[in-house]
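Colleague: Spelled out, the chains give:
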Amino acid sequence: MTVAFFNHTRICGIKTVLPEHFIDIDDELQYFDNNPKKLARAKKMMGYGRRYIADERTTVTDMAVYAAEKLLLEMKIDRNDIDLLIFVNQKPDYPEPCDACVAHGKLKLNKNCTSLDINLGCSGYVHGLLTAHALMSSGAYKTCLLLVGDLCARTTDQTNRKGAPVFGDAASATVLTYTSEERNAYFVTGTDGTGWNKIVHPLGGMRLPLDKDTIDLYAEDTIGNRVLLHKGIMKGEDVFNFTMDVAPALLKDTMKAANWTADDVDLFAIHQANKQIVENIIAKAEIPPEKAPVDVFSKYANNSTNSVVTVLCDQTNPLKNVVLCAFGIGLSWGGAALDLSGLYNGGIAHYVTPQDAPSRERQIKYWINFFKGEEE
Amino acid sequence: MTNEEFLTEMLDVLQTEEQLSMDTVLDDLDEWDSLSVMATMAFLEKSFGIKTTMKDYKEMKTIGDIAKKAGL
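Chain order of the listed sequences is A and B.
Heads up: the first sequence is residues 1 to 376, going by the working numbering.
Heads up: the second sequence is residues 1 to 72, going by the working numbering.
Hints listed in this document are in silico derivations from the structure and should not be mistaken for laboratory results.
Just so it is clear, CB atoms sit at the ideal spot from N, CA and C, and this is done for glycine as well.
Where hints are given, some of them may not hold.
To be verified - Facing chain A, from chain B, some residues (calculated, C-beta under 10 Å): (1) T8; (2) M10; (3) S34; (4) E45.
Modelling step: build the complete structure from the supplied sequences, incorporating the hints.
Modeller: Dropping the structure here:
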């Protein structure tokens, strides 16, 4: 077990943003043979509830930049002070450049700002925090903006009944500052790259570029769902076994790193994979269920990269000692034991797609003109 | 866990109101769907420390086969 320890970075503020549109599982009776009993059973077993879905004009950067604008305003932070921008996202606006640069431009940040992306999913927020703490411990950076998010709902076919009820879209902004005071943070992270293909988008990268021969390529999964290959595949059963191997031990290791027992912890923010998985992790790790919310899944679904942030932002009480536990694509995992005293919790807001957000047609026209040298 | 206790647990795991016995054929149950497979995986892991894969579920035909997997 590798433990990374830092003691001069403060997590000052967080804010989560969800798209405006949502689907309630109660409105999807048609997928349960129009049988309310079957629907009730699925809700009870998996915790299905509400999931927010971004429209085709909304990206992670749109929501994360909106979260950042609101957070900076609410906390009265001068954007010129931001000298480090980290963006954790697997669904970038463009194959290149990286989202951190796009967001830097949109937020009109200082040019003396280091901007970089991290390509991770469910474990990504912990890795983002770890990277922020590590870079800030050099003393070179004073204020970091950490943006994270994912669009697993927008990119999942809603007729895929294994994936669709599980995922919701979300993004967030976190502000961290260097502090001369003691502020302990412990990170435990790991990777099992032999499981890289357990959660995977096989098409669209350089290994198998998306082209005419692959754009409509379907495969049938174990329950007969027809899934578009370029929309991604998850081997749910394998991921479940991985999760039960890793997550309960991760909770214990993270507490051990900080020399905490469950009594010392105010909140366990566990990645909301689904209700069943989170409940199993809690039972196996033998942590008090009242300190580990599972209802966040039913309220907002599995927000992938943003999931643990959504749990934090959903809390109404002030937080002090918090354990984060995140795991998923990679396969990778990350735990953190954090002192969040004095944290500004900006809660959960909604991103309303602006009326002038460019349509697909307008964007295509824009890039054709751009190449001609005639920018809009 | 006795066989009777196992059958009672399985009623809750599968969220079914059917009468279960060790001879109940899984494919005859309306509730034997992908949710039930995941719930059974979780139950075997939590209560018996037994890991299962999709291959196991293709081979298991009855409730008794699940009990056997659990070591009962």
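Colleague: It remains to establish, for every hint, whether it holds in the given structure.
Modeller: Structure-based check of all given hints:
1. T8: 17 Å, violated
2. M10: 13 Å, violated
3. S34: Status holds, d = 5 Å.
4. E45: With a closest approach of 5 Å, the E45/B hint holds.
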